[in-house]
Each structure stands twice: as C-alpha cells, then as structure tokens.
Amino acid sequence: MKKILAGIQQNKVFKFASSVKMAVLVMLLLGAVVAVGTIYESRYNAQVAGLMVYRTPWFLALLCLLWINIFSAAVSRIPYKRRHTGFVVTHLGMLTLLIGSGVTYLYGLDGQLFVQEGSRSRVVELTDLAIRTARDGSNEVHIFPFARSLSRGALKNDDFSLLTGLSIQEYLPAATRKGEGGGMGGSGAPGLKVSFGLKSQFFDVSETLHSSSKPEMQMGPARIRLVEESGAVSVAESQKENKKGNQREKIKEAVAPGATLVVLNAKTGKIMAEWPLSLLRRKSQMAGNVGIILEKEFAKAIVSNNHLVEGDNPNPALEIRLTKDGKEAREIVFQKHPSFSLSPEGFYGLRLMWGGKGESVMGEEAVSSSLSTIASEPQDRSGNVIEFHVNKNQLDRVHLQLFKNNQSVLQKELKKGETAETPWMGMKITLGDLAFVEGGGTAPASEGEVMPIEIPFRSPLPRSALRVGGQWLMEGESRHFLNGNENIEVYYGLNSVEIPFDIQLHKFEKVDYPGTETAMSFQSMVSVNDESTQTLIRMNEPLIRDDYIIYQSSYILNPNQKPVSIFSVNKDPGRTLKYIGAVILVLGIFLFIVMRTKWYLKRFAGAA
Amino acid sequence: MKAIGLLTLLLAFLLPLSAHAGLDEAALEKFKAYASSIDTKIIDPMPVQNHGRIKPFQTYAREATLYLTGKYGILGLSASQLLLAIVTSEAAPDLELINVRDVALRLPLDLPKDRKIFTLREIESSRLASLAGPVMEKQKLDEKSLNQTDKNIIEVAQQMWLLRSVIQGEFFFSAIDLDPKPSESPHGGKPELASAFAAYLRSLQMNSSQQAKEAAEALVAKVRSQDVPEVFRAYMDKMSTEVLYNRLHLFFFAGLLYCVVGLIFASGLMSQKFTNPLRVLSLVLFPFLLHVSGFAMRVYITGFAPVTNMYGTMVWMALGVVAFGSLLYFWYRHLFVYGILLLGASLTLILTESIPLILSPDLDPVVAVLRSNFWLTIHVLTVTISYAAFTIAMLTGNTAIVRTLLKGGALPQAAVEEMAKICYRIIQIGVLLLTTGIILGGWWADYSWGRFWGWDPKETWALIADLGFLALLHARYAGWANSFVLLALSPVAYLLVLMAWYGVNFILAAGLHSYGFSSGGTIAVVTFVVVQVILIALAAWTLRGKFTALLQRPGA
Numbered sequence: 000m001k002k003i004l005a006g007i008q009q010n011k012v013f014k015f016a017s018s019v020k021m022a023v024l025v026m027l028l029l030g031a032v033v034a035v036g037t038i039y040e041s042r043y044n045a046q047v048a049g050l051m052v053y054r055t056p057w058f059l060a061l062l063c064l065l066w067i068n069i070f071s072a073a074v075s076r077i078p079y080k081r082r083h084t085g086f087v088v089t090h091l092g093m094l095t096l097l098i099g100s101g102v103t104y105l106y107g108l109d110g111q112l113f114v115q116e117g118s119r120s121r122v123v124e125l126t127d128l129a130i131r132t133a134r135d136g137s138n139e140v141h142i143f144p145f146a147r148s149l150s151r152g153a154l155k156n157d158d159f160s161l162l163t164g165l166s167i168q169e170y171l172p173a174a175t176r177k178g179e180g181g182g183m184g185g186s187g188a189p190g191l192k193v194s195f196g197l198k199s200q201f202f203d204v205s206e207t208l209h210s211s212s213k214p215e216m217q218m219g220p221a222r223i224r225l226v227e228e229s230g231a232v233s234v235a236e237s238q239k240e241n242k243k244g245n246q247r248e249k250i251k252e253a254v255a256p257g258a259t260l261v262v263l264n265a266k267t268g269k270i271m272a273e274w275p276l277s278l279l280r281r282k283s284q285m286a287g288n289v290g291i292i293l294e295k296e297f298a299k300a301i302v303s304n305n306h307l308v309e310g311d312n313p314n315p316a317l318e319i320r321l322t323k324d325g326k327e328a329r330e331i332v333f334q335k336h337p338s339f340s341l342s343p344e345g346f347y348g349l350r351l352m353w354g355g356k357g358e359s360v361m362g363e364e365a366v367s368s369s370l371s372t373i374a375s376e377p378q379d380r381s382g383n384v385i386e387f388h389v390n391k392n393q394l395d396r397v398h399l400q401l402f403k404n405n406q407s408v409l410q411k412e413l414k415k416g417e418t419a420e421t422p423w424m425g426m427k428i429t430l431g432d433l434a435f436v437e438g439g440g441t442a443p444a445s446e447g448e449v450m451p452i453e454i455p456f457r458s459p460l461p462r463s464a465l466r467v468g469g470q471w472l473m474e475g476e477s478r479h480f481l482n483g484n485e486n487i488e489v490y491y492g493l494n495s496v497e498i499p500f501d502i503q504l505h506k507f508e509k510v511d512y513p514g515t516e517t518a519m520s521f522q523s524m525v526s527v528n529d530e531s532t533q534t535l536i537r538m539n540e541p542l543i544r545d546d547y548i549i550y551q552s553s554y555i556l557n558p559n560q561k562p563v564s565i566f567s568v569n570k571d572p573g574r575t576l577k578y579i580g581a582v583i584l585v586l587g588i589f590l591f592i593v594m595r596t597k598w599y600l601k602r603f604a605g606a607a
Numbered sequence: 000m001k002a003i004g005l006l007t008l009l010l011a012f013l014l015p016l017s018a019h020a021g022l023d024e025a026a027l028e029k030f031k032a033y034a035s036s037i038d039t040k041i042i043d044p045m046p047v048q049n050h051g052r053i054k055p056f057q058t059y060a061r062e063a064t065l066y067l068t069g070k071y072g073i074l075g076l077s078a079s080q081l082l083l084a085i086v087t088s089e090a091a092p093d094l095e096l097i098n099v100r101d102v103a104l105r106l107p108l109d110l111p112k113d114r115k116i117f118t119l120r121e122i123e124s125s126r127l128a129s130l131a132g133p134v135m136e137k138q139k140l141d142e143k144s145l146n147q148t149d150k151n152i153i154e155v156a157q158q159m160w161l162l163r164s165v166i167q168g169e170f171f172f173s174a175i176d177l178d179p180k181p182s183e184s185p186h187g188g189k190p191e192l193a194s195a196f197a198a199y200l201r202s203l204q205m206n207s208s209q210q211a212k213e214a215a216e217a218l219v220a221k222v223r224s225q226d227v228p229e230v231f232r233a234y235m236d237k238m239s240t241e242v243l244y245n246r247l248h249l250f251f252f253a254g255l256l257y258c259v260v261g262l263i264f265a266s267g268l269m270s271q272k273f274t275n276p277l278r279v280l281s282l283v284l285f286p287f288l289l290h291v292s293g294f295a296m297r298v299y300i301t302g303f304a305p306v307t308n309m310y311g312t313m314v315w316m317a318l319g320v321v322a323f324g325s326l327l328y329f330w331y332r333h334l335f336v337y338g339i340l341l342l343g344a345s346l347t348l349i350l351t352e353s354i355p356l357i358l359s360p361d362l363d364p365v366v367a368v369l370r371s372n373f374w375l376t377i378h379v380l381t382v383t384i385s386y387a388a389f390t391i392a393m394l395t396g397n398t399a400i401v402r403t404l405l406k407g408g409a410l411p412q413a414a415v416e417e418m419a420k421i422c423y424r425i426i427q428i429g430v431l432l433l434t435t436g437i438i439l440g441g442w443w444a445d446y447s448w449g450r451f452w453g454w455d456p457k458e459t460w461a462l463i464a465d466l467g468f469l470a471l472l473h474a475r476y477a478g479w480a481n482s483f484v485l486l487a488l489s490p491v492a493y494l495l496v497l498m499a500w501y502g503v504n505f506i507l508a509a510g511l512h513s514y515g516f517s518s519g520g521t522i523a524v525v526t527f528v529v530v531q532v533i534l535i536a537l538a539a540w541t542l543r544g545k546f547t548a549l550l551q552r553p554g555a
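Protein sequences appear in the order of chains B and Y. Just so we're aligned, residue 0 is where the first sequence starts under numbering that gives the first Met the number 0, counting upward by one. Just so we're aligned, residue 0 is where the second sequence starts under numbering that gives the first Met the number 0, counting upward by one.
I should point out that these hints are in silico values taken from the structure, not numbers from a laboratory. Errors might be hidden in some of the hints.
As the list claims (entries may be wrong) - A few chain B residues facing chain Y, derived, Cβ under 10 Å:
#, residue
1, Leu27
2, Tyr347
3, Asp511
4, Asn557
5, Gln560
6, Val563
Remember, predicted model here, so these are calculated numbers, not experimental data. Where a beta carbon is used, it is the ideal one built from N, C-alpha and C, also for glycine.
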C-alpha cells in the first residue's frame with residue numbers, strides 16, 4: 000500500500016497535478032474565466048452567461064481540473080503530520096463542496112411554477128427546451144428534451160424522427176417571425192384582414208387571416224376560418240341579439256337545479272344510472288363498483304393549467320372523482336359539451352354525461368339555431384372549427400362561432416381586445432385588429448417568415464426557433480403535421496417537469512411599506528393537492544414538501560386579472576454535501592490560521 | 000495657521016461674488032433673525048412618516064434641506080429652523096436655497112453664472128419648464144434612456160417641487176399623518192392634524208416663545224396620538240435617540256481623532272513613549288468607542304444592521320480596519336503600520352461623512368429581499384469585514400511600496416519582512432472571512448431563493464477576489480512571491496475587491512445585488528484606481544530588479 004502511494008507520489012504527472020504552482024494557475028484561470036462570465040451577464044443576461052461560460056462542458060472540465068488538483072495535492076502530503084491539519088481539513092472541505100455542487104448540477108431541479116389565484120398547477124418550467132408531440136385523439140404526450148444552445152445548427156433526434164416521421168432540420172438560438180405582431184398593411188390582395196391571439200398551455204401566438212389570400216389555417220386542435228359577411232347589420236338586429244344573449248343566460252341560471260349526471264357504459268353506451276345533482280351534492284353514489292363523488296360545481300368554468308376554475312362566461316361543469324379499489328380518477332363533465340371526456344376510453348369502463356332534462360339544452364339549441372342563421376354559406380365543419388364572421392361595415396367586432404363535428408358549440412360576439420374561451424385544451428382567442436385592406440401588393444400573404452436575429456443587450460433571451468418537417472416553429476408554438484393518415488401535433492418550447500403534487504393558490508398578497516409602493520413583502524396562501532391545511536409561502540419562508548422546496552419568487556399583477564404568483568421550485572440533492580463541505584472548509588481555514596500562530600506553536604506544537 | 004489664513008483670504012474674495020440676488024441685506028437679516036429665534040427642541044423629535052418609516056421631524060427636515068441646498072443647514076440655521084421659517088415667511092421664494100449641482104446646467108437654464116445656489120423665483124422663471132417637460136416624457140417611456148444631463152434636469156425640477164411643497168405646507172402635512180392611506184389625499188384624511196399644525200405655524204409668526212412652545216407640544220401630542228401601522232410601531236420610541244444621533248456626528252469626531260492618533264503613531268514622534276502596547280491601544284480606545292456607539296445607534300434606530308447602503312458599509316469597514324489594525328498591532332507591535340491603518344480608517348470615515356449626497360447616510364428601510372435580518376446581518380457583515388482585512392493588506396502593501404520607492408529601493412530587508420508578516424496574516428484572515436461570507440451568502444440565497452450558487456455577478460466577483468488573494472497565498476507558498484512581491488501584489492489583488500464591492504454595481508450594473516447603493520462616487524473610486532495603478536507601475540518599473548530577483552525561491 001505504502002509502496003503504491005509512494006509510487007503515485009513520485010509519478011511526474013501526479014507531481015505536476017498536485018503542485019502548488021498548478022493550483023495558482025488554475026485559480027487565476029478560473030478567476031479570469033468567471034470574470035468573463037460576469038461580463039456576459041452584464042451585457043446580455045444571466046442565461047447567456049450560463050450558456051457561454053458557467054454551464055459549458057469546458058467550464059465543467061476546468062472545475063474537474065481544480066478538483067483533481069486539490070485532491071492530488073491532498074494525496075501528495077500523505078502521511079500527514081500534525082502541521083498538516085489545517086491544510087487537510089481545508090482541502091477536504093473544498094473537495095466535498097465541489098462534489099456537492101456536481102451532484103446539484105447533475106441531479107438538481109430548479110424551475111418556475113406559475114399559479115393563478117384560484118387555480119392549481121404542478122408544471123415546473125425549466126430553461127431548457129423540448130419538443131412535445133401528441134397524436135390526434137390520444138392523451139399520450141411524448142417529450143424530447145434538448146439543451147438550449149447559442150449556436151445555430153442542425154439538431155438530430157432519432158427517437159423523434161422515428162416516432163413522427165419528421166426530421167429536425169435547423170435550430171436558431173434567437174429568431175423572430177417577420178411581420179409578427181406587425182401592422183395591417185401590405186398584404187397583397189384586397190379583402191378583410193383579422194388578427195388575433197391564440198393561447199393555450201401549449202402555445203401563445205399572434206396570427207392573421209386574410210379573406211382572399213389566407214382565409215383558413217390550422218392551429219393546434221382547431222381549424223380557424225374567416226367568413227366575410229355581406230350587408231349591414233342593423234342596430235335593431237344587434238340589439239335583438241343582445242336580448243337573446245341575456246335571455247340565454249337567464250335560462251341557464253334557472254336550469255341548474257334540475258340537472259342530472261348520467262353514467263353510461265363506455266363500450267355499449269348504455270345508461271347505467273342517472274342521479275340529480277341535488278342528490279350527489281349530499282352523498283357520493285356507486286355505479287357498479289365505482290364510487291362517484293361530486294367534487295366541485297362550476298357555473299362559469301374555464302380551463303386553466305389543466306384544471307377547471309371559475310371564469311367569466313357561463314359554462315356549467317362538474318368535477319367528478321371516480322374511485323375503484325383504492326384507485327382514483329378525475330373527470331370533467333360539461334353541460335355544453337356532452338361528448339367531452341378527459342379520457343377517450345372512459346374511466347373504469349364508465350362514461351359520464353350531463354343529463355339536465357329539457358329546458359337547458361332546448362333553450363340553448365333554440366338560441367343557437369336562431370343565431371346560426373346568420374352564417375352565410377354552408378361550410379365543412381367537421382373536426383374542431385373556429386369561424387370569425389366579419390362584416391366589413393362593422394370592423395370593431397366579429398361574430399365568433401365554434402363547431403365540433405358540424406355542431407355549434409359556442410357563439411359569441413367578440414369585440415376588439417376581448418377574449419373568448421374554447422372548449423379545446425383551454426385554448427383562448429383574443430381578437431386583435433380588423434381591417435379592410437384595399438390591396439396593392441401582389442404576393443399573397445403568407446405566414447411570417449422566421450429570421451435569425453442578434454441577441455439583444457441587457458434583455459431577456461429572445462425566442463429560439465426550430466425547423467421541423469420543413470416548417471418553422473418559434474419557441475412556444477405548435478403545429479399540426481400529417482404523417483400518413485395520422486395527425487400529429489408538435490409543440491416546441493420550454494421543457495417542463497411535473498412535480499408529484501399540485502400547488503393550489505388561494506390568495507396572493509403584496510404588502511407595501513405604508514405610504515409607498517415599495518414592496519415590503521409578497522406572499523401566497525397555498526395548499527398542496529386538496530389538503531385542507533393552508534400554508535403561507537413568502538420571502539424566506541418556503542414550503543418544504545418531500546424533497547422539494549417551493550419559494551416565493553415573483554408575481555404578475557395585471558389590472559382586471561387575478562394575480563399570478565411565481566414560485567421557484569427547487570430540488571437539490573447536493574445540498575447536504577455542499578453544507579458539510581462548506582463547514583469543513585471554513586473550519587479548515589480557521590485551523591490553518593490558528594495553528595500557525597506563535598501562541599499555538601508555543602503552547603501545543605512546542606510541547607509535542 | 001498659514002492655511003487657515005489663506006482660506007479666509009480666499010473666502011473674502013469669494014464673498015462679493017455671492018451677493019444675494021433676491022433679498023436685500025436687511026430683509027435677509029430679518030429672515031435670519033426670525034428663523035434663528037425658532038426653538039425646535041420640542042418639534043425636532045416629533046415623529047413623521049416618510050420613505051417607509053417613522054423618523055424625527057429633525058431628520059426629515061435635514062434630508063430635505065440637504066436635497067435642496069447640498070448642506071444640512073445654511074445661513075447659520077438648522078434644517079428645522081430653516082424649513083419652519085420658510086413656510087411661515089413671505090421671503091421664502093426669494094431665498095437662495097436651490098443648489099443646482101450640475102454647474103453646466105446654468106447656461107441652458109439661463110441662470111446667472113456667478114452662483115451655484117438660486118431662489119425659487121429664479122428657478123421658476125428659468126427655462127426649466129421647457130427643458131424638463133420632454134425629459135419627463137422620456138422618463139415615462141423608458142427610465143433607462145435618461146442620460147446624466149436629463150437626470151440632473153429632473154433633479155432640479157424635483158428640488159423646485161420640494162421647495163414649493165415646503166412653502167405651501169404640503170411637505171409637513173403629508174408627513175405628520177403617520178398612517179397614510181393611498182386613497183386619501185395627503186392631508187384630507189386627518190383635518191385635526193392639519194389644524195394643529197396650522198396653529199403651530201401661527202404661533203411661530205406671533206413671536207411669542209411661550210405660545211410657540213404650547214402649540215408645539217399640542218401638535219406633538221396630536222401627532223403621537225394617532226394609530227400607527229404595525230410595521231412603524233417599533234420606531235416610535237426611538238425619536239429622541241435619532242435626534243441625539245443627528246446632533247453628535249460621532250463618526251466625524253471618531254475619524255478626526257483617528258487622524259490625530261494615526262499621525263502621532265505614523266510620524267514616529269514620541270515613539271519612545273509608546274513602548275507599552277496598552278498605552279498605545281488606550282489612545283485609540285476613545286475614538287473607537289465613539290465609532291462603535293455611532294454604529295450601535297444606527298442598529299438601534301433602524302432595527303437592522305446598517306450595512307444596506309454604501310454609507311453603512313464604509314462605516315463598518317472602517318470599524319473593521321481599526322479593530323483588525325489594533326489586533327495586528329497587539330501581535331506584531333508595528334506602530335508605524337498601525338498609524339497608517341488609523342489614518343486609512345480616518346480618511347474613510349471623514350470622506351464618507353462629507354459627501355452625504357453621494358453616500359446617503361439615511362436610515363430608510365430596505366427592499367423586501369433584505370428584510371430577513373439574521374442572514375442579511377451575518378452575510379453582509381462578514382463579507383464587508385473581510386474587505387476591511389483586505390484594505391489593511393492593501394494599505395500595508397502600499398506603505399511598503401512607497402517606503403521602498405522613497406528609499407530608492409533600499410528598504411532594509413527586515414522592515415520588508417515585518418510588513419510582509421502583517422500582510423500575510425491579514426490576508427489569511429481576510430480569506431477566512433470572505434470565504435465564510437460567500438458561503439453564508441450561498442446559505443442565505445439557498446434559504447431565500449432556493450439556490451446555493453447562481454453565478455450572480457456580485458457573488459462571482461467576491462469569489463474572484465477570494466481566488467485572487469488565495470492565489471497570492473499559494474504563490475507565496477510555491478515560492479513565486481516572496482515578502483516584497485507579496486506586499487506589492489496585495490494592492491493589485493485589492494483592485495478585485497474594489498470591483499466586487501463597487502464595480503459590480505457601477506460598471507456591470509447587473510445582477511441581484513444591485514440594490515442599496517447610491518450612484519455617484521465614481522470619481523473617487525476611479526481616482527483611487529488610477530493612482531493605485533500608477534503607483535504599482537512605478538514600483539514595478541523602478542524596482543524591476545527586485546521583482547525578478549525575488550521570483551527565484553529565496554534560500555532554496
């Protein structure tokens with residue numbers, strides 16, 4: 000053993016690696032490199048600094064070199080003497096600290112969780128990127144994560160190509176869509192032009208339709224179409240419409256008491272049971288061996304972060320918990336969308352439906368049919384269809400019509416800037432500008448072209464872009480692709496992970512110093528899953544759950560909107576090692592100093 | 000004596016230039032007589048609310064007067080006297096009160112070029128309105144787009160508004176309401192307060208000290224009888240302490256005494272009398288106690304460690320220099336270096352005290368993230384005290400360089416060794432403290448933000464400074480740096496500390512630590528860096544033989 004050690008210690012490479020001169024060089028080099036990192040951070044942002052310096056493989060290699068240097072320096076002094084105490088302890092602390100950092104780097108989680116007041120989420124956004132794919136009609140989502148980089152180039156992902164038949168062609172670290180969010184002019188042929196925003200958990204984009212050059216497009220789960228209507232809409236007519244709208248709401252409010260929940264066999268479609276909601280409210284019911292529990296009722300349901308919350312427009316819905324043999328499932332039942340289910344196969348062989356007798360459905364149908372007479376010509380309305388009916392004499396609003404398999408599911412007057420919710424994956428439509436373009440250009444308007452841009456100074460990193468199957472996807476966008484007969488949705492954006500529990504935000508509060516607008520603190524009252532205990536998260540008072548720590552990080556406050564609280568979610572398996580290393584390190588330096596003092600040398604070492 | 004005589008002569012020349020524009024001599028004398036007759040003893044400790052805390056009226060008045068005039072009092076009046084006289088006197092708009100700090104602005108503003116300080120009337124009739132309008136628009140669009148001139152214009156406009164609000168009484172009414180609700184108009188909420196204040200102002204004008212005293216007492220009682228928001232409650236009992244603190248100027252006097260003692264030590268005068276270390280240390284004890292009590296008072300008044308702005312950090316750093324300096328003296332008995340360190344601490348304190356507009360000494364509360372007292376205290380105190388240790392290393396190093404240069408490179412090796420020992424030891428202590436401080440910062444960041452280390456520029460530069468001094472220690476061990484090189488490189492490594500301490504906020508201006516620092520002071524730092532670099536370059540050139548010779552391991 001001793002021989003081997005002596006052999007190692009005599010080795011020339013080892014001697015160099017363990018030398019103090021090497022240590023000085025590594026320290027100076029490390030200092031210089033991270034100094035460059037801070038310049039990147041100040042010129043661009045922390046993310047760019049990470050991508051250029053701190054998270055690069057060569058920087059990791061430099062840290063490894065430091066580790067090897069410290070380690071071999073420690074080995075080279077074996078066998079230790081008393082005077083080595085400070086040295087050994089210090090360097091042992093440093094080694095432990097670095098290992099702890101490595102564990103954090105490799106296995107740690109650090110991301111952001113956005114939760115709006117009144118809703119819940121478990122999706123933690125990371126800074127790296129991912130492609131997600133889903134087949135039409137399937138709930139299964141495949142995720143292909145990849146590291147963000149700042150260099151342009153080709154990416155390859157065989158698994159992705161194998162699954163989808165699509166290839167990834169090019170990656171742009173910073174890009175913009177030419178004409179994105181731009182003005183209304185210069186788009187070629189005369190006609191109506193409508194711009195609108197679409198937002199779902201998958202994407203958040205601005206799009207434009209043009210009545211002659213681009214009247215239709217596919218976006219996410221739906222086809223979106225612009226229908227130009229002729230003739231003037233008289234004031235009287237629109238007033239009548241308003242009245243109808245009011246009437247419709249009244250009908251719905253009146254209907255709720257008589258509503259029922261219908262349970263069908265998922266395979267045969269046979270009705271197995273029907274209970275009035277009034278009964279379900281008091282007591283859970285059994286359908287065969289499946290327990291049916293009414294969790295929540297919504298009068299104005301909207302989907303937010305994969306969960307139902309109360310919104311602004313009437314949309315009765317039920318949240319149902321199904322239990323079987325200790326297992327649980329969650330199902331949503333909409334009054335307006337009877338075929339909707341969270342699982343196409345149903346849960347435990349059952350399908351649930353809204354059963355309210357008579358008036359509600361009839362009332363709605365009556366209104367729908369009278370409204371749908373406005374629609375001008377027959378159209379193919381199979382699948383999910385969103386139609387903007389625009390009258391060029393009234394360019395401040397559209398008549399929004401939503402169809403699912405030729406059935407009208409929603410009709411709504413939408414004014415500029417207003418937002419409507421669709422029943423599809425919580426997708427929202429916000430109406431932007433409407434204009435009648437007189438023409439002038441010759442080229443037909445097409446989707447904005449994606450162009451690479453420079454990374455701007457002192458601002459957040461711009462969106463990246465990826466060319467998949469010949470089509471550009473900006474970060475945060477999704478597209479439909481056809482692979483044979485299969486419809487595949489591809490989403491490109493931030494990678495995210497789900498933590499094993501929901502964070503439900505009850506209340507967000509920002510407290511200012513009295514008489515100022517300086518935040519003294521901000522805090523969120525949350526609960527985990529559906530637990531009844533509520534916990535306050537605020538600066539320096541995180542919520543600790545399992546291995547995860549949830550910190551209050553920031554917030555979004557917008558007028559007329561419920562506040563959104565931003566948490567930073569952190570899992571750090573290297574934490575303990577880092578702390579142990581840190582304590583040992585500090586202790587070591589302390590010993591180092593003390594054991595070199597005259598006092599110590601006289602008192603202890605002299606005696607030894 | 001000569002210097003004072005010269006100064007008087009200079010002032011005598013300056014006087015005719017600064018003739019008062021607005022008021023004639025008699026009216027000004029009348030105003031001064033009236034203002035100095037105001038007894039502010041009762042009103043000074045009255046609690047008022049401003050900038051997110053409760054402070055004594057005296058502090059409030061001092062801060063406003065400083066902002067207006069650049070000083071804590073002018074015309075021989077205290078700030079409280081001045082502002083109370085302004086609000087009750089017709090002469091106010093014609094008093095020279097607004098200090099236009101950017102002298103280059105006088106031309107575009109069309110102001111007389113022979114003065115720096117102007118009357119409200121002059122400012123109002125200047126071109127300020129037409130200049131400030133577009134700048135304000137610009138500010139509304141993008142705060143960052145403003146250049147220095149824009150900011151200076153806005154400052155003059157704000158000085159004007161402040162003076163107007165003092166004259167109109169708004170300044171006082173908005174502050175005596177201790178529980179302002181955003182919905183209420185500044186003095187609409189509490190009419191009884193406003194009337195008590197008005198009664199006090201009337202009593203001042205009546206020139207009866209008895210009436211004024213009664214009215215002041217009634218006003219203070221009224222103000223104190225208000226419901227105070229929970230966060231303010233702790234301040235209420237500390238008003239007279241703060242007034243005392245304002246009056247004592249502890250740091251200034253501590254700095255002055257350090258200077259005297261430091262000069263005695265460093266000059267080597269009476270050195271035979273200072274052979275007993277206890278006698279030496281006892282000389283420093285009194286100014287040190289002044290220094291510590293000033294710091295303690297700041298802690299007591301604010302309830303948090305006052306190292307949240309540059310002023311507090313400088314005071315704390317100076318304290319560290321004296322404390323470590325005394326310790327080093329006790330260990331190594333090097334009176335000369337001790338004297339130099341005391342002079343360094345003295346310079347730091349006096350400089351800090353004399354530029355309140357750049358290093359704001361205010362005690363206003365800090366941003367949300369800093370409210371976690373314990374961790375803030377431990378982390379920041381540790382890091383800044385390590386800077387004190389490195390400052391000592393820098394001062395010792397520079398002393399060695401200058402002494403060697405003065406002696407033409409022939410400083411006895413024994414003297415170099417003595418200083419190198421001090422330097423080496425204090426770098427060790429600095430590294431211990433900075434490493435601890437950085438780790439505590441990581442601990443705090445982990446606790447607050449959920450990450451131990453995030454490559455934030457401030458923490459990264461603290462690490463770089465740490466690495467710099469660590470490299471120096473290792474280089475000494477490796478034989479790359481012997482005594483003189485260690486001393487000569489300490490000021491070089493100290494430049495990294497300056498970068499971490501000051502440069503990150505002002506040069507890089509990025510990251511999470513960009514709060515709590517006032518702008519300005521750049522000239523002082525740049526001057527220091529330039530002088531330092533020149534000195535090192537000079538040393539490197541004239542003593543290059545020494546450097547190269549010393550690169551070989553001595554005695555090996």
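Verification of the hints:
no.	hint	result
1	Leu27	5 Å, holds
2	Tyr347	39 Å, violated
3	Asp511	8 Å, holds
4	Asn557	19 Å, violated
5	Gln560	20 Å, violated
6	Val563	18 Å, violated
Checked against the numbered hints above, the structure violates hints 2, 4, 5, 6; every other hint is satisfied.
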